[in-house]
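Heads up: the protein sequence lines correspond to chains X and H, in order.
Be aware that the first sequence starts at 152, since it is given in this note's numbering, and climbs by one per residue.
Be aware that the second sequence starts at 93, since it is given in this note's numbering, and climbs by one per residue.
Some hints could be false.
Derived lysine-lysine pairs resembling DSSO-like cross-links, with alpha carbons at most 30 Å apart [unchecked claim]:
(1) X:K261 x X:K204
(2) X:K159 x H:K195
(3) H:K255 x X:K158
(4) X:K158 x X:K272
(5) X:K196 x X:K279
(6) X:K196 x X:K261
(7) X:K272 x X:K261
(8) H:K195 x X:K158
(9) X:K159 x H:K255
(10) X:K159 x X:K272
(11) X:K240 x X:K261
(12) X:K213 x X:K196
(13) H:K193 x X:K158
(14) H:K255 x H:K195
(15) X:K279 x X:K204
(16) X:K213 x X:K158
(17) X:K159 x H:K193
(18) X:K213 x X:K159
A few chain H residues facing chain X, derived, Cβ under 7 Å [to be verified]:
(19) C182
(20) G201
(21) L235
Calculated from the structure, these hints are not laboratory results.
All C-beta atoms, glycine included, are put in the ideal place defined by N, C-alpha and C.
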Amino acid sequence: MIRDLIKKADLILLAVLLIAGLAASFALARSGTGGGQVTIKSAGKKIGTYSLKENRTLLITKDGHIFDCDGTDSQGETGYNILQIRDGKADMISADCHNHDCVNHRPISKDGENIICLPHKIVIQIEKEKGDDGYDSLAK
Amino acid sequence: MTRSQNSPARRVATLALLTTLALMFSYIESLLPAPGPPGVKLGIANIVVVIVLYRLAAPEAAAVNLLRVALAGLLFTGLFGALYSAAGACLSLIGMILLKKTKLFSMVGVSMAGGVLHNLGQLFVAALLVEETAVFYYFPLLLFSGIASGILTGLIAALVSSKLPRDLL
């Protein structure tokens, strides 16, 4: 029964896929050390960069504007995300997108980690601090 | 095979029934709470697609899956949901049809590849829509979840298919 269900080629394919997945997660984990600043992108365009060391709460609008806010209200904006930077972590604490995948995402702090709000085309990404060029420091 | 079993009317009715079944699976899944990160899901509709691919043929499987995606888009997943699913469905169909043609893989292996490719297709659309390669951060997670859901739906498809009467499909 089991022999008909699963063939040798299936197991080889499974092994290949598992290795590919492990290699990819290993590569991502290696690149994900440290991290110093939060980059905010709207529809692929960089609209702001903030240090992870300073606590602040930001209101990001769908059309690409960022305001400081106290984190409780949307200041009358529709199509917004509220990002909280606290204790070296960035967390999307509120948004009026329809699926709330971004709000449900855990806080991020490591280089390369990101929170993406697909409905609003907003990407929050952790990057190395300015002046610490990622490629050069890798080559050292 | 009697003549009536080969008739176009019977073919259309069978495919309509199977498309409805796949659509119902999609609907049931959309009612379940999301098991985790975006994109991770069971994909139980793939059970129908894999069975159709093996019991009927590739064009029928493609028709059932693409119609399911279009109808689900109109009914509950919405335009963007349908766009993601369509990319996933196309990639997964191509992969499954090719793998089946090699005759080296069982339904489980074919379904596993389908699960992985479906997730990859969605990832590509996400990267295009957000204009951001950062979404590939989800690659390993979606790969593993595609493997798991593909194996599960493949096992179910193999078991169900072995119990289906020969003249049903």
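Each hint tested on the structure:
1. X:K261 x X:K204: Judged against 30 Å, a Cα distance of about 13 Å means the pair holds.
2. X:K159 x H:K195: holds, 12 Å
3. H:K255 x X:K158: The given pair, whose Cα atoms are some 20 Å apart, holds under the 30 Å limit.
4. X:K158 x X:K272: violated, 43 Å
5. X:K196 x X:K279: holds, 18 Å
6. X:K196 x X:K261: holds, 21 Å
7. X:K272 x X:K261: This hinted pair holds, its Cα atoms lying about 21 Å apart.
8. H:K195 x X:K158: holds, 10 Å
9. X:K159 x H:K255: Holds, at about 24 Å.
10. X:K159 x X:K272: The given pair, whose Cα atoms are some 43 Å apart, is violated under the 30 Å limit.
11. X:K240 x X:K261: Roughly 8 Å separates the two Cα atoms, so the pair holds.
12. X:K213 x X:K196: holds, 12 Å
13. H:K193 x X:K158: holds, 15 Å
14. H:K255 x H:K195: holds, 21 Å
15. X:K279 x X:K204: holds, 12 Å
16. X:K213 x X:K158: Not OK: X:K213 and X:K158 at ~50 Å, beyond 30 Å, violated.
17. X:K159 x H:K193: holds, 16 Å
18. X:K213 x X:K159: Answer violated: X:K213 to X:K159 is near 50 Å, above 30 Å.
19. C182: Nearest chain X Cβ about 20 Å off; hint violated.
20. G201: holds, 3 Å
21. L235: holds, 4 Å
In this structure, the earlier hints numbered 4, 10, 16, 18 and 19 are contradicted, and the remaining ones agree with it.
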